[in-house]
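Chains as they are written, first to last, in our numbering: chain A, 155 to 364; chain B, 155 to 364; chain C, 155 to 364.
What the hints contain is simulated information worked out from the structure, not anything from laboratory work.
This one's a predicted model, so the numbers in the text were calculated from it and none came from an experiment.
Honestly, I wouldn't trust all of these hints.
Each pair may be met inside one copy or between any two copies, as identical chains are not told apart.
[Said to hold, decoys possible] DSSO-like mimics (lysine-lysine), calculated; alpha carbons at most 27 angstroms apart, straight line:
#1 K337 x K250
#2 K250 x K360
#3 K360 x K337
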Amino acid sequence: MMRQSLYSAVVCDALDGLGFTNQSPRTQLLSLTVDEVLVGRCRTTSWEEIDFEDPAPYELELQAVDSCEPDDVLICAAGGSMRSGIWGELLSTAAKNRGCVGAIVDGAVRDISKMTAMGFPVFATARCIYDSLNRQRVIAVDEPVEIDGVIFRSGDLVLADQDGIVVVPQEIEEQAMRNAWQKVHDENITRDAIIDGMLATAAYRKYGVL
Amino acid sequence: MMRQSLYSAVVCDALDGLGFTNQSPRTQLLSLTVDEVLVGRCRTTSWEEIDFEDPAPYELELQAVDSCEPDDVLICAAGGSMRSGIWGELLSTAAKNRGCVGAIVDGAVRDISKMTAMGFPVFATARCIYDSLNRQRVIAVDEPVEIDGVIFRSGDLVLADQDGIVVVPQEIEEQAMRNAWQKVHDENITRDAIIDGMLATAAYRKYGVL
Amino acid sequence: MMRQSLYSAVVCDALDGLGFTNQSPRTQLLSLTVDEVLVGRCRTTSWEEIDFEDPAPYELELQAVDSCEPDDVLICAAGGSMRSGIWGELLSTAAKNRGCVGAIVDGAVRDISKMTAMGFPVFATARCIYDSLNRQRVIAVDEPVEIDGVIFRSGDLVLADQDGIVVVPQEIEEQAMRNAWQKVHDENITRDAIIDGMLATAAYRKYGVL
């Protein structure tokens with residue numbers, strides 16, 4: 155139900171109303187695969203750039219993927235690095251097997267056409283065909299990470315769609331979602347009034363949303 | 155007819171030929187909703203960034219939308235700001251009711267999937283889910299605005315498509331459109347000759363267009 | 155067969171394995187027209203920016219296009235310039251007539267919707283509606299060119315798809331393609347094992363690819 159009726163912008167507005175005004179990275183983290191609303195709980199990974207032969211390649215990222223639980227969203231914080239494509243088809247396949255519903259990557263990914271065919275939502279800043287082997291690797295799992303000044307914590311609710319990404323801190327989640335539902339309702343009334351011919355100025359004065 | 159046969163590049167070429175060589179912003183203002191040629195007359199708005207509780211939120215933008223006339227194209231000059239999504243579904247709905255045919259935003263927008271469902275053309279530099287409330291607002295309507303060094307004036311003819319955006323100054327409009335029609339014709343002849351096997355060098359020598 | 159089974163990422167991995175670790179530009183050279191794997195041999199052109207009335211407009215680019223041979227891929231090295239759209243529909247039509255299978259442009263192009271309708275693959279950094287006339291021109295054909303630190307030579311094999319672009323130096327081509335085929339095979343086995351429920355960690359330990 156949440157996936158059908160909610161979207162990132164209205165949740166962001168609800169967070170604004172509660173004084174949480176920095177919950178969405180402004181960097182363009184667009185869906186490179188399927189066009190749907192991704193909703194789930196953050197599973198965070200931090201990445202570093204390397205430039206040597208890694209003695210234990212893929213170790214922590216494989217652990218993160220293999221320990222995914224249903225409705226997890228993999229958050230890959232790589233500081234927007236273009237050094238390699240750190241997320242791809244085989245990781246998506248393994249994560250999806252465990253119930254993971256999507257990935258959000260502040261960095262580059264590859265295997266776009268295969269992940270699109272899988273129907274797996276992947277939001278990223280860029281594409282890069284280089285393997286991450288000996289170029290980038292995970293250095294921490296389940297630690298809080300930052301993307302463009304916004305903090306993502308494992309367990310936080312996250313929504314992502316064509317407009318952008320919003321993360322809901324756990325301490326405010328229940329109130330934020332209740333307010334978001336209310337705003338969806340108010341927007342529906344406003345939209346109907348405008349479609350019926352009410353001027354926008356009058357609709358805003360009457361219903362108070364835009 | 156103009157919508158079916160003209161496109162931004164050929165109008166830009168006609169303007170080049172008349173010595174108007176700076177009529178298209180080079181920033182990537184792509185259509186984020188539907189893929190068609192947008193043609194209409196500029197209705198300009200200037201935006202500023204704010205960081206306080208706005209005593210009269212949305213005031214001028216609502217006025218601009220509510221006073222739109224048929225074939226208007228809302229031009230939102232926000233200096234490419236990523237601070238918030240300044241254009242969205244409800245503004246599109248209200249503007250469309252008044253006959254507005256699309257929006258061009260030098261800045262960020264939101265509600266992409268809803269505006270796509272409406273079939274409303276929106277060209278913008280980025281997406282952002284933050285509400286404009288207390289973040290950005292309109293400070294002038296119908297004043298000349300600048301986007302990437304190009305001046306847009308209310309009443310100017312504007313065309314926008316997948317290649318880019320071109321604005322036609324009123325003093326040269328009639329001549330520019332006549333020359334653009336002629337160039338469409340010349341390109342059609344050249345294309346047919348090339349498809350029939352003529353080398354590009356020979357076609358250019360014979361017809362003078364490329 | 156190569157077009158159906160190979161893709162840029164796996165060829166890049168094969169090149170990595172042979173010590174050729176800088177064969178893909180990290181700039182986002184995306185397909186702006188059709189979504190397929192482009193495979194062919196480089197035909198290089200170098201471009202310069204100009205700002206005067208060109209006495210011999212389009213001369214070298216027309217020569218390059220008219221001398222294309224089957225399976226050529228036009229490489230347009232323009233240093234990422236946004237000054238004009240240097241590749242468009244008529245050049246695509248003429249090049250395609252000669253057997254050219256696509257274009258890769260480190261710079262801007264125009265006529266996107268027409269080239270899409272033609273089904274002609276064009277990878278570029280940006281879109282721009284300005285004509286190249288008196289703004290940019292070809293200064294060399296068949297000389298080695300550089301895009302984002304990667305060297306493209308006429309005759310080199312090149313692959314491009316949604317993930318990115320990879321160029322295969324001729325001295326290593328046979329070995330690289332053999333290794334790429336092998337990796338496609340290994341990835342297929344790994345994918346099947348993961349789909350059947352094997353954890354990613356175990357699959358990587360067993361098959362050695364990811």
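Consistency of the hints with the structure:
1. K337 x K250: between (32 angstroms within a copy, 23 angstroms between copies)
2. K250 x K360: Cα proximity of K250 and K360: across copies only (20 angstroms, versus 46 angstroms in one copy).
3. K360 x K337: This pair counts as within: shortest intra-copy Cα distance 14 angstroms, inter-copy 52 angstroms.
Hint check: no violations occur; every hint is consistent with the structure.
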